[in-house]
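Q: Take a look at the letters that make up each chain.
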Amino acid sequence: MLRRGGTSQRRLTTVLFTDIVASTEHAARLGDHRWRDLVATHHAIVRERLRHFHGHEVDTAGDGFLTTFEQPVAAIRCAAAIIEALAAIDLQVRVGIHTGEAEVTGGKVSGMTVHVASRTLDEAAPGEILVTSTVREVTSGGDVTFSDRGVHRFKGLPDEWHVFAATWHPPDVATPSAASGEDTARRSRSPALAVSVAAGALALGLVVVVAAAWLTGGAPPALAVVPDSVVTIDQPTDRLTAVLPLSMPTGIAADDSSVWVLSQDDLLTRIDTASGAATPVGLPGSPSGVAAGDGAAWVLLGYGVAGERGGVVLRVGTDSQDRERIPLEDGNGATAIAYGEDGAWVVNGVYDSLTRIDPVTRDAVDVAQVGWQPVAVAAGEGAVWIAHGLERSLWRIDPDTLEKTGEATLTDPPTAIAIGFGRVWVTSSTGNTVVVIDAATTTRLATILVEQSPRGIAAGADAIWVACGRGAFMRVDPVSLEATTVLSAPGPADGVAVSGDEVWGTVQT
Amino acid sequence: MKTNDRWSAARRGAGLRVLVMVIGLLAALPGPLDAAAEPPEASSPASGGTLRVVVPREAQEPFGGFDERADAFLDSQLDTSRTTHGLTRCCLGRTLYSYNGRRTAEGGSHLQPDLAAGPPDVSPDGLTWTIAIKPGLHYGPPLQDVEITAGDFVRSFERFFAPTLRDVVFTFELMDIEGAAAYQAGTAATISGLETPDDHTLVVHLSAPQGDFAERLATLVTVPIPPDPEHPEARFGIAEEADSGYGRFAVSSGPYMLDGSASLDLSRPVSERAAHAGIAPGRVTLVRNPSWDPATDPLRPAYADRIEITVVDTMDDAVAAIDTGTADLLWNPRTPPTIPAEVYEAFRADPARGAARIDRVAVVRAIVMNLAVPPFDDIHVRKALNWVLDKQRLVDLQGGRSAAQPVGHIVPDALVDDLLIDYDPYATPGQRGDLAAARAEMARSRYDSDGDGLCDATVCQHVRMVTREPFEEAARSAAEDFAKLGIDLDIEVHDINAFFFEDTADPRLKVPIVAGIAWHGLNLGASGVLMIFDGVSSVTTEPDLAANVTMMGATPQELGGWGYDVVDVPNVDARVGDCVPRMGADQLRCWASLDQYLMERVVPWVPYSQDRNAALTSPRVIAYGYDELTSTTSLDQIALWE
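Those protein sequence lines, which keep their order, are chains A and B. The first sequence begins at 1 in the numbering used here and counts up by one. The second sequence begins at 1001 in the numbering used here and counts up by one.
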């Protein structure tokens, strides 16, 4: 409760400090660039958790945060969530918490309470949440337990301080042990998804909308698609199988083992398709596209990167610390990226260029001029395909020579390209069409009217999948070319990707 | 000064629209240097109390500042000043769509339904927008029994487009509503593109797809105007016959209302109607609107029970009010500097006095070149100017870090949701300019015959640079930098009317380079900035509104007709046309790419600073919000010690 006293404004507040364990060693091991990226991820995760638990960031000092909370229990829960989330990127922090009166001026906090919290942090072991006895006494909520860590004298502070290690026991989102052993492979995967995504939920503030009844062997209840989420559709059955809330998702790409999702708040999230574990990675700039290949995500940062003159491609492996920056000659303005045909391919809508990145040397090795304002690129059927926004054309490019070997005219401004079933599929969000082009001859075969503002597109096992801006995921039969809405969404569907039997899509607000 | 006087102060009525657009006293962004603001929870115990705001009279300016005496004050259809915009969004008038009144990083650039029940339903061709209105919402007293219905928005649009107001409002962003032009011209009795099939459904037909049309509905134009219970036939409801002064007796739809609203006698003719007691010379008082239900409004926490705005004579008086504890917020909704740099620094150095807060304002200032006048018809010259300019010095001249920050591109970051926040293709150490890079670029120009990095053509001598007050010092600073490349500028300082209605409006004058232009949008979409460059005059049939001194998009025929020797200039019409129909994030990315294209392939300007807003709060303030949309403090988001 707020109160006012005398000339200085004091309030009862809970102060929480965090500090990255062995940061110097990490920095030395990773080098400046990668360490900076890792710290950016750390900051993004901590801030996300702070928002979730209503904490207030007061300051960052190098590798740590000074934060305040209205309620001590919220601070402990937040600390636990931060520790668990950072574990996903192999970072460990220690946490110190104290509750007391502090001077709060503007956004700043000062006073003895801050010093006590700081000294408590000094005593905390890696991965530990150490709190003072004051915190223990005023903490309510049965989901937190305390272990005695003894009485300490804090340097520069009077009195002795009794401290405790706090542990949070979050309510179960799902209980994997309850899954039926008779489930099919498909269903036996679901609990794992739920649990690991619950871990991801801790990482990113996500909540898995998977009903407990299903996990305990009951009938699967209906799932609800929510805005700002990633959805999973089972291809054989067209059934929605998971919804993963994720802040402001945009691009998406997938390979056999990973689904990679971009967020507008400069995060890349890797979802392990086997376990469902979600791991966030902070990005050093705003992403403009993502592709999957060679066991990695190739993230296009075409809107500018702090400290860089031009844009870059950031290659991120499944081990989130496996990162590499690949500078692009025409980096700024790069609009789309694709992987395949022995390269990662970047088109630039400002410089009207195509760049090939060698997947082995990871250098940008070839650059070619293409048509007017390339907006989309795909690789497959022995070629690289580029759709031009203003020129309204699709170019077929030889991946070895970078020469144009074919061209098709588009009627509407293109949005995205997919390759599949011997054909090239081009969406137009403003034209409400999917154009079908023969990959061998570049002959235009058909134009499918999809009055849902089609954006993202991907080729699946037996269908083409389309994400639509008017809130729908559609499947297009590659033979009959019939388009059917499989899933309606409460917000724009922006991206879609296919991994094995599953279709993954992003839903925005 | 009366509103009409204020409008007529411009030589031509339409002129103010240009001012509104290019001077841009609206909008703002998160402040990277600011102390972290405390986002209070909706259920915060901090609700209550009286928020005491002080505004210094001496710091105001002719356009856009705080003037409670002006007839346009709080008139949601007429006045786009930061004062009216800020007070309306936070407190007095909800709109169909809006934002949460916070910074971009706190979701402040994400459009949300306000009086609309949800996102619009858009037809596949993008031409028909169907908007459901939240049922059961009522106006504040004295119309607490009147429900807000779809027809009230039609009333607002029709007042906005009224032929009698056409010279004082800036309508181009909404001109694609079918029939709006005919109605505004007086050739149609109604706007044919507006329908209300029932009380809770508004259907808008557009003549061309506008992907960000919902963003455009977040402007104050869509603050509903209630019907006049005494005269239900009145087209403009209680605003009937009130081309000016309506804001003084407007009825609230927001969490607050002007004190004394309940006493408004609507039975009296407009000319005899007394203003709310809440508006008095030197004082504006807001109290809670009893009709407002927080359950229907997630965008406004409305912490304080009462907001008292007091106008004092001087900045010193205003600062003293903070120091002595008689005011909680020093509010100065005008062009920066909003508080003197020394005051800002003094508060930063002594937190016991209170908090000094700065935030980005979505206004970008630039030096703009005419691409049809040599040597600026050469892109290498234009790029060289970007490399050589000492942007930090211009920021210092503007008032230092509390007034501005260096910038690397043209669209204010808030308008593209921070996508381009790290984008600066001509970044130099300390933003002080890079002479070596500039000369290397100049050496590639056809106007540097010997390749020494200096322009040696006669067209680089005595080049006219036109500016206006208060930009003369900035112009001279830039000229000093450009001279290092052999470009010799003759600076002409013109008065504001000549600057906006002749120099930058009449292509026949062939002004080579201009200092004193700033860009921003009227909402949080980038279209308001970039659509302007869709041809010199294609935005409107009135060339003086285009404010496109670059000549970008002009046809050879147009250029020849205006007497230019250069008849081939870059054109981004198709790129603009590509972006406009796109929706949501799709459009956002498109505008961001166009900004990059302009910065790297066209380079018609040297953007150098983005404005900042500074505010002071007393130690009594425990929560503070900054509104991205209106570029000013969100008064509804300020919480106080009990």
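It is worth saying that the hints were derived from the structure and are not from the lab. Glycine included, every Cβ here is placed at the ideal spot set by N, Cα and C. Among the hints, erroneous ones may be present.
[As the list claims (entries may be wrong)] Listed next, the in silico EDC-like pairs over lysine to aspartate or glutamate satisfying Cα-Cα at most 20 Å (straight line):
(1) A:108 / A:70
(2) A:155 / A:70
(3) A:108 / B:1558
(4) B:1510 / B:1450
(5) B:1484 / B:1506
(6) A:108 / B:1378
(7) A:108 / B:1167
(8) A:108 / B:1345
(9) B:1510 / B:1378
[Said to hold, decoys possible] Ranges of calculated distance between the beta carbons of each label pair, as one might list FRET restraints:
(10) B:1450 / A:32: 52 to 58 Å
(11) B:1320 / A:125: 48 to 54 Å
(12) A:145 / B:1341: 48 to 54 Å
(13) A:224 / B:1267: 49 to 55 Å
(14) A:238 / B:1118: 25 to 31 Å
(15) B:1341 / A:275: 30 to 36 Å
(16) A:369 / B:1197: 40 to 46 Å
Q: Next step is simple, just say for each hint if it's right about the structure.
A: So, going through the hints one by one against the coordinates:
{"no.": "1", "hint": "A:108 / A:70", "result": "holds, 15 Å"}
{"no.": "2", "hint": "A:155 / A:70", "result": "violated, 27 Å"}
{"no.": "3", "hint": "A:108 / B:1558", "result": "violated, 58 Å"}
{"no.": "4", "hint": "B:1510 / B:1450", "result": "violated, 28 Å"}
{"no.": "5", "hint": "B:1484 / B:1506", "result": "violated, 30 Å"}
{"no.": "6", "hint": "A:108 / B:1378", "result": "violated, 51 Å"}
{"no.": "7", "hint": "A:108 / B:1167", "result": "violated, 48 Å"}
{"no.": "8", "hint": "A:108 / B:1345", "result": "holds, 16 Å"}
{"no.": "9", "hint": "B:1510 / B:1378", "result": "holds, 16 Å"}
{"no.": "10", "hint": "B:1450 / A:32: 52 to 58 Å", "result": "violated, 41 Å"}
{"no.": "11", "hint": "B:1320 / A:125: 48 to 54 Å", "result": "holds, 52 Å"}
{"no.": "12", "hint": "A:145 / B:1341: 48 to 54 Å", "result": "holds, 53 Å"}
{"no.": "13", "hint": "A:224 / B:1267: 49 to 55 Å", "result": "holds, 51 Å"}
{"no.": "14", "hint": "A:238 / B:1118: 25 to 31 Å", "result": "holds, 27 Å"}
{"no.": "15", "hint": "B:1341 / A:275: 30 to 36 Å", "result": "violated, 55 Å"}
{"no.": "16", "hint": "A:369 / B:1197: 40 to 46 Å", "result": "violated, 52 Å"}
When held up to the earlier numbered hints, the structure conflicts with 2, 3, 4, 5, 6, 7, 10, 15 and 16 and fits the remainder.
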